[in-house]
Amino acid sequence: MKFLRYGFMAFVVVLFAAGCAKTVKPVTPPPATAPSTSATTPPATSTAAPPSVTQLSPLDDPNNILYKKVVYFDFDKSNIKPEFLDMLTAHAKYLIAHPSQKIRIEGYTDERGTWEYNIALGDRRAQSVRRFLLFQGVNPDQISTVSYGEAHSVCSQHNEACWSQNRRAVLVYLSP
Amino acid sequence: MWRRVLLVFGLCMLPIVASHATLEITVTRGVNTAVPVAIVPFGWEVQGPAPSTDVAAVIGADLTRSGRFKAIPDKSMLEKPTQASAINFTNWRILAVNDLVIGRIKPAGSNYQVEFQLFNVYTGQQLLGLSILTTPQGLRWTAHKISDLIYQKLTGQQGAFATRIAYVEISGKGGKDSHYALVVADSDGANPQTVFESSQPIMSPDWSPDGKYIAYVSFESGLPAIYMQDIYTGKRELLSERRGLNSAPAFSPDGKSLAMVLSSSPGNPDIYVMDLATHKLRRITHSEAIDTEPTWSPDGRSLYFTSDRGGSPQIYKVSLSGGAPQRITFDGNYNARSRISPDGKTLAMVHRENGQLRIAVMNLNTGALLTLTDGSLDKSPSFAPNGGMIIYEADYHDRGVLAEVSVDGQVSERLSESQRGVSVYAPVWGPFLSQ
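Line by line, the protein sequences are chains H and A.
Residue numbering for the first sequence follows this note's numbering, beginning at 595 and increasing consecutively.
Residue numbering for the second sequence follows this note's numbering, beginning at 71 and increasing consecutively.
Accuracy of the hints is not assured; some may be wrong.
Said to hold, decoys possible - A few chain A residues that don't get close to chain H, going by computed Cβ distances all over 10 angstroms:
1) SER248
2) SER274
3) GLU311
4) LEU434
5) SER450
Stated by the list, open to error - Pairwise CB distance ranges, derived in the manner of DEER restraints:
6) H:HIS752 with A:ALA120: 22 to 28 angstroms
7) H:ASN733 with A:ARG353: 53 to 59 angstroms
8) A:ARG397 with H:PRO676: 45 to 51 angstroms
9) A:ARG99 with H:ASN658: 53 to 59 angstroms
10) H:HIS752 with A:HIS356: 43 to 49 angstroms
11) H:THR648 with A:LYS350: 48 to 54 angstroms
12) H:VAL664 with A:HIS467: 28 to 34 angstroms
13) H:LYS671 with A:SER241: 30 to 36 angstroms
Think of the hints as simulated: they come from the structure by calculation, not from any bench.
Remember, it's a predicted structure, so these values are computed and weren't measured experimentally.
No residue lacks a Cβ here, since even glycine has one placed at the ideal position from N, Cα and C.
Model the full structure from these sequences, guided by the hints.
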């Protein structure tokens, strides 16, 4: 009985020691968000096959409207402004034509709000874009959303020029 | 045997200290009515090196930080007694000092015995005389405990110096190359310890009422999830990783439930309460609007939360036993992220005024609103457990810094990170601790 109890104690001590190491050790940083490289990945080359040439994705062509992937919003607003409708319509068409392509819409805000309310506002912006794409006929399974609120800002000065760049929803094309 | 286990456990708890810059405190607004007190450097009456912690300096800084007292500098003292018999009260009366603290530190094996005495300078009467046994590492914390005892004796209110704060630290400019850390520190910002870190955002930390756990939102997977972490063992529990939002966790006063914000449908954040034993969820709000930032009334029977159901973000209150939410704030077009004082009488919130975000308090009996701060990005108010001060985040030279303001707005100070390129935000003041 005594032996058992001491054995248990030793076990507890080991557990605590393990807990120790875990506490001190910084948590492994998660992988960075997936870059949208899917379409540009070169085709696998095989020694047998002749070299092949493929078009790069229009998503990466600066002259194509699909190159634009950011929608900007007014202060405290989540409605899509008319100047972004053509761009979003083009993305909707592309997604309908490529039903296996998935995207993530990321919603962001400027810093002029509370952290948690900004999370909700960023979510609302992402949902505005999502609803527009769904209305155009995109399959809901192709679209996921996330709001980072005021985190991950692209500009850190405290002025309107900067804030207007941060109030955004970004279409991120995910690799398969 | 148990004792030995506890010792191992104790050793485990202590060294979570990561190397950190400490916070510097600058009083930005003080009151003329602060009572002058003198904390004489404590005596060390044996051979060998004295402890590195200056106990008297810690006590003096604590009392000054409260705004109720002002510790006079050592160099203006005419004498530095360490024993009651050596005090000449005349030397203190001419400095217009009201109260005098003297003390001594003595070795007790590998520990220290800290003795202190509090005197009223005008009557010469001893108001307190106590001896505290402490470990060398516990000396600074003991100084905070002494501050609490002195504060309580002189004001009749419980001190909140021997308490902790938690906050999030971000290095980098806030872009994708940033690094985030959840930090626990003493109430004066000393002894900061990183309890969790990530390359992705950390938000909305909240203390459990026993001060053992912190709930927070982590984006470590790329998506938000709510975790609860034992700050002493580092053990984490994933509480919610649902589709959509997982935001704004808030412990109930009994520590058994956690209010949180989840998406009831895509794009519709609502308030839920999770039973922490069963993880069962109960939906509390049912609007199409944004409902977020829940916080509990001290009796645990209702929640205050932010909603834009009326067109702009305002604070509402909802009873957990049912009934429609009631609007609480009416001043201005942006009132958000409220926190209630421990006595339930005052609601602190972020209030937008001429485009600037400021900390305001509302008297819940009269509905009167008082703006306490004058910054442009003052956010995340959190009451000290004695209700005397509010800690919040402020912008200072383009960095997020921690600041404190007294509930009457008379005293404010900045606790600024001395490390360059580091911003701090989302401070939350922990509860009174039992030891």
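Outcome of the hint check:
no.: 1; hint: SER248; in the structure: violated, 8 angstroms
no.: 2; hint: SER274; in the structure: violated, 6 angstroms
no.: 3; hint: GLU311; in the structure: holds, 12 angstroms
no.: 4; hint: LEU434; in the structure: holds, 20 angstroms
no.: 5; hint: SER450; in the structure: violated, 7 angstroms
no.: 6; hint: H:HIS752 with A:ALA120: 22 to 28 angstroms; in the structure: violated, 46 angstroms
no.: 7; hint: H:ASN733 with A:ARG353: 53 to 59 angstroms; in the structure: violated, 29 angstroms
no.: 8; hint: A:ARG397 with H:PRO676: 45 to 51 angstroms; in the structure: violated, 34 angstroms
no.: 9; hint: A:ARG99 with H:ASN658: 53 to 59 angstroms; in the structure: holds, 56 angstroms
no.: 10; hint: H:HIS752 with A:HIS356: 43 to 49 angstroms; in the structure: violated, 37 angstroms
no.: 11; hint: H:THR648 with A:LYS350: 48 to 54 angstroms; in the structure: holds, 53 angstroms
no.: 12; hint: H:VAL664 with A:HIS467: 28 to 34 angstroms; in the structure: holds, 29 angstroms
no.: 13; hint: H:LYS671 with A:SER241: 30 to 36 angstroms; in the structure: holds, 32 angstroms
Consistency with the previously given hints fails for numbers 1, 2, 5, 6, 7, 8 and 10, ordered from lowest to highest.
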